[in-house]
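Undergrad: Kindly produce the complete structure, drawing on both the sequences and the hints.
Quick note, the sequences are listed as chains X and E, same order.
Residue 702 is where the first sequence ends in numbering that gives the first Met the number 0, and the numbering goes up by one at each step.
Residue 139 is where the second sequence ends in numbering that gives the first Met the number 0, and the numbering goes up by one at each step.
Note that these hints are calculated values from the structure, not bench results.
Some hints here could point you the wrong way.
[As the list claims (entries may be wrong)] Derived BS3-like pairs (lysine-lysine); straight-line CA-CA distance at most 27 Å:
#, chain 1, residue 1, chain 2, residue 2
1, X, 195, X, 81
2, X, 433, X, 329
3, X, 375, X, 487
4, X, 123, X, 101
5, X, 584, X, 659
6, X, 83, E, 122
7, E, 95, E, 122
8, X, 166, X, 245
9, E, 95, X, 81
10, X, 101, X, 433
11, X, 195, E, 44
12, X, 141, E, 95
13, X, 375, X, 541
14, X, 487, X, 473
15, E, 95, X, 166
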Amino acid sequence: MSEINLSDFIAEAEELLDRLNHGLLDLDRSIKSDSRQDPSVVNDIFRAAHSLKGICGMFGFGEVGEIAHKLEDILDRLRLGKLKLTAYGLDVLFAVTEELRKIISRKAGGEPISPEEIKELKNKLSQMEKAKEEDTGIGLLKQSGISGEILAVLTEYEEHRLVENLKEGMGIYQISADFSLADFDRGLPELQDRLKDVGELITTSASAEPGKENSMTFYLLVGSAQSQEDIEAQLEGHLVTVNLIKPGKQAKAGKSAPAKSKTKTRDPEKAEPSAGDAEGEAEAQGQEETATVRSLSRTVRVDIGRLDELMNIVGELVLSKNVITQLIEKLRNQLGFTELAIDLYKVNRNLERKLQELQQGVLEVRMVPIGQIYDKLRRNVRKLARETGKEVEFIAEGGETELDKLIIEDLADPLMHIIRNSIDHGIEPKKERKKLGKSEQGQILLRAFQRGNHVVIEISDDGAGLDLMRIRKKAAEMGLISPEAEVKQEDLIQILFTPGFSTAEKVSEISGRGVGLDVVKNNIAALSGAIDIESTPGQGAKVIITLPITLAIIQALIVEAGTETFAIPLNAVSSGLSIKPQDIKTIEGREVIEQRERTLPLLRLERFFRLNSKSKTGEEELYVVTVGIAERRLGIVVDRLLGRQDIVIKSVGKVLTGLKGVAGATELGDQRTILVLDVLGLIEEAAASIGSRRMGAGAVNVS
Amino acid sequence: MVKDFYQILIAEDSAITRAFLVSVLEEFSDQLNIIEAASGFEALKQLPREKFDLIITDINMPDINGLELINFVRSNPEYAHIPLIVVTTEGSVRDKEKGLALGASEYLVKPIDPNLFRNLIIKHLGLEPEPSGRADGDIT
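TA: Dropping the structure here:
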């Protein structure tokens with residue numbers, strides 16, 4: 000129970016850094032729009048830094064803790080109003096948070112951290128501190144006439160918030176409410192939530208009064224611009240007493256005589272069913288509150304490895320069930336429809352349904368919203384924009400779209416690379432944009448949404464679009480195309496994915512670090528996804544990534560070619576048809592068939608993998624499985640279709656990783672191991688085999 | 000006065016700090032029952048449910064803060080006698096002064112020295128450390 004290990008530490012540290020970062024982004028927004036900084040945000044990031052310091056100390060990460068300590072000091076002074084946050088200060092805070100993240104991960108990996116690094120970070124923070132102390136106005140408290148009893152239990156931060164409220168001329172109210180011991184954990188949060196609409200909740204305290212055995216009185220200190228009557232009206236339905244302890248400047252004196260109090264005698268329990276119009280709203284609020292309170296105490300953090308294990312077991316169960324299904328089939332064939340066979344069939348059907356539910360359940364547990372990585376991306380956009388001197392607005396939509404946790408993990412880097420390309424190559428410098436009549440601030444829009452069994456992520460910018468001329472020139476230089484050849488835009492775009500291809504004249508700070516779009520493509524392909532680019536010159540480019548929702552269990556079409564059996568992921572299959580050998584035509588040395596007035600290029604699996612073919616008369620029917628998305632389609636020619644089945648993809652190990660067109664292996668019901676085809680790889684191979692493009696794409700090493 | 004079983008309430012919003020404090024007291028696990036509360040509010044809920052021999056609290060917690068918890072405990076005859084140890088990251092002098100004025104028995108600032116913490120618990124509960132245990136460290 001009390002076992003704490005390094006991975007717990009890392010997990011909590013990461014959470015805290017995320018919280019810090021999230022808060023800083025909020026502050027960034029309020030500084031930019033010149034709006035009021037939400038005090039709870041500053042307080043929250045202070046608390047995150049403070050917790051970070053605490054846990055660092057416990058884990059012997061003392062030197063990291065020192066930075067966190069310094070950070071905490073500064074944030075403490077910010078939240079107490081002793082320091083004013085400037086855009087420069089915010090930059091420092093962003094940078095230090097980022098450095099802390101790196102240092103912690105290095106340190107966790109056993110790498111020593113030099114004292115100079117720590118010192119440098121501390122110095123950075125110290126510069127920020129040089130700003131002069133602001134007056135905290137604690138003196139105001141003494142003159143306010145608020146009783147010492149109340150002030151005695153305020154933390155320094157709460158004192159500061161009280162002072163701020165006094166400065167802003169808010170009225171200070173003390174709202175007291177009795178709750179029974181049985182239900183105060185429901186009633187109090189509800190009341191606190193209500194008060195958020197009234198003003199700022201400064202603190203909550205409690206007292207148990209003698210004689211009231213089963214109830215507890217809570218005092219909520221609130222700063223509000225509203226009059227006592229208005230507040231009372233808003234708290235209709237709660238059993239509360241509202242006391243004005245310090246009149247505000249705005250509230251009219253006549254309307255809110257000091258120390259006047261009125262007790263609402265409506266019992267919230269009884270009031271609920273008859274609350275009328277307000278009922279729905281109040282209930283919704285109540286539920287929301289319960290939901291948040293619950294998620295705090297009812298969430299379990301699970302190592303993804305354990306979920307993988309579970310998933311594997313479910314996968315193996317699915318395989319066992321497939322074996323049973325085959326046995327039942329056999330039984331039926333041998334003995335006919337005996338009672339036993341029918342019973343067994345029914346039981347198996349039931350097992351199948353439950354197994355599906357189990358599979359679905361485990362899958363859902365693994366799903367996380369993609370919004371988790373939005374902050375990270377936003378942070379990077381901010382940094383890159385600053386480095387390039389461009390102004391970039393980053394809009395991210397569809398954060399609630401869910402994907403398998405592992406996919407999300409592997410998605411951050413490719414997405415960052417694409418965004419980096421947009422900022423570096425796509426969005427024009429401010430001056431140029433102005434000349435073009437565009438707004439100085441460029442825009443990058445990231446949109447994620449679900450489409451069927453896929454999640455689509457689009458990253459579009461309003462920059463210059465792809466420089467097709469330059470891509471063409473470079474491709475010709477590299478010998479990928481002949482200078483005279485007519486090449487369609489979509490083919491030029493495909494060239495971007497060639498290893499080593501870059502149009503950058505010189506290596507910039509941002510893109511062009513030798514990591515090209517081919518790596519992005521491989522990363523996406525490793526997730527069984529596809530990537531495409533659309534471009535409109537002068538108006539921007541759009542990168543479209545299509546990903547399966549999960550990698551773990553997929554439906555596949557089982558086919559036979561030559562003497563081998565293969566699985567083709569069903570999500571890539573658009574249709575299947577049977578043809579006669581004489582339907583196949585040859586155009587420019589390629590086998591194709593005419594299909595709905597379009598030609599479909601073919602790939603014979605048997606030839607592709609150089610398999611032993613079964614003796615054939617040359618007259619047998621063949622089957623064509625059409626795969627591919629949009630314009631890049633391919634007909635895979637096989638001998639037989641064996642049916643569809645749920646499969647669990649397993650990696651094929653090192654020996655076969657270089658093999659083109661293979662995504663992995665799986666086991667069939669009869670415990671034979673077969674290969675799962677990598678459809679995108681096959682399409683590429685087929686495309687590469689025409690003419691001179693062979694040399695470029697042939698070198699792709701699918702990892 | 001000699002008891003052989005004690006109940007401790009820990010009010011602290013950082014799960015890892017709670018785990019740390021619990022782990023320091025591991026050696027007394029057969030003499031202690033430790034109840035964890037993730038906020039001042041949760042601590043208030045726990046108070047009437049059990050008979051506590053010691054309360055450990057943080058200062059900065061969401062909803063009800065540590066100072067308020069101390070005040071609540073000290074102003075309530077049922078709980079007023081319970082020793083109360085503050086464990087906080089807060090270096091604020093004002094908070095410390097207030098905490099002690101409200102009746103905190105001890106005030107520790109993180110990072111916590113495990114031995115110091117352990118010895119404070121021994122002192123306030125009158126526990127008997129294991130003979131082989133780490134018996135060094137100062138009692139303040």
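Undergrad: Next pair to validate is residue 83 of chain X with residue 122 of chain E; report whether the Cα-Cα distance is within 27 Å.
TA: Judged against 27 Å, a Cα distance of about 45 Å means the pair is violated.
Undergrad: Residue 95 of chain E and residue 122 of chain E were given as a pair; does the straight-line alpha-carbon distance stay at or below 27 Å?
TA: 21 Å, holds
Undergrad: With the threshold set at 27 Å, check whether the alpha-carbon distance from residue 195 of chain X to residue 81 of chain X stays at or below it.
TA: 25 Å, holds
Undergrad: Take a quick look at whether residue 584 of chain X and residue 659 of chain X sit within 27 Å of each other, Cα to Cα.
TA: 25 Å, holds
Undergrad: For residue 95 of chain E and residue 81 of chain X, compute the direct alpha-carbon distance and say whether it is at most 27 Å.
TA: Holds. Residue 95 of chain E to residue 81 of chain X sits at ~19 Å (cutoff 27 Å).
Undergrad: Run the distance test for residue 487 of chain X versus residue 473 of chain X: straight-line Cα separation, threshold 27 Å.
TA: This hinted pair holds, its Cα atoms lying about 15 Å apart.
Undergrad: Take the C-alpha atoms of residue 195 of chain X and residue 44 of chain E, compute the straight-line distance between them, and say whether it is at most 27 Å.
TA: Distance of about 23 Å is within 27 Å: holds.
Undergrad: Is residue 166 of chain X within 27 Å of residue 245 of chain X, Cα to Cα?
TA: It holds: about 12 Å lies between the C-alpha atoms, which stays within 27 Å.
Undergrad: Please work out if residue 123 of chain X and residue 101 of chain X have their alpha carbons no farther apart than 27 Å.
TA: 16 Å, holds
Undergrad: Hey, residue 433 of chain X versus residue 329 of chain X, does the alpha-carbon distance stay inside 27 Å?
TA: 75 Å, violated
Undergrad: Given the proposed pairing of residue 375 of chain X with residue 487 of chain X, does the C-alpha separation stay at or below 27 Å?
TA: Since the Cα atoms of residue 375 of chain X and residue 487 of chain X sit roughly 36 Å apart, the hinted pair is violated (cutoff 27 Å).
Undergrad: Can the restraint linking residue 375 of chain X and residue 541 of chain X be considered satisfied, given a maximum Cα separation of 27 Å?
TA: Between residue 375 of chain X and residue 541 of chain X the Cα gap is close to 20 Å, so the pair holds against 27 Å.
Of the numbered hints listed earlier, those contradicted by the structure are 2, 3, 6 and 10.
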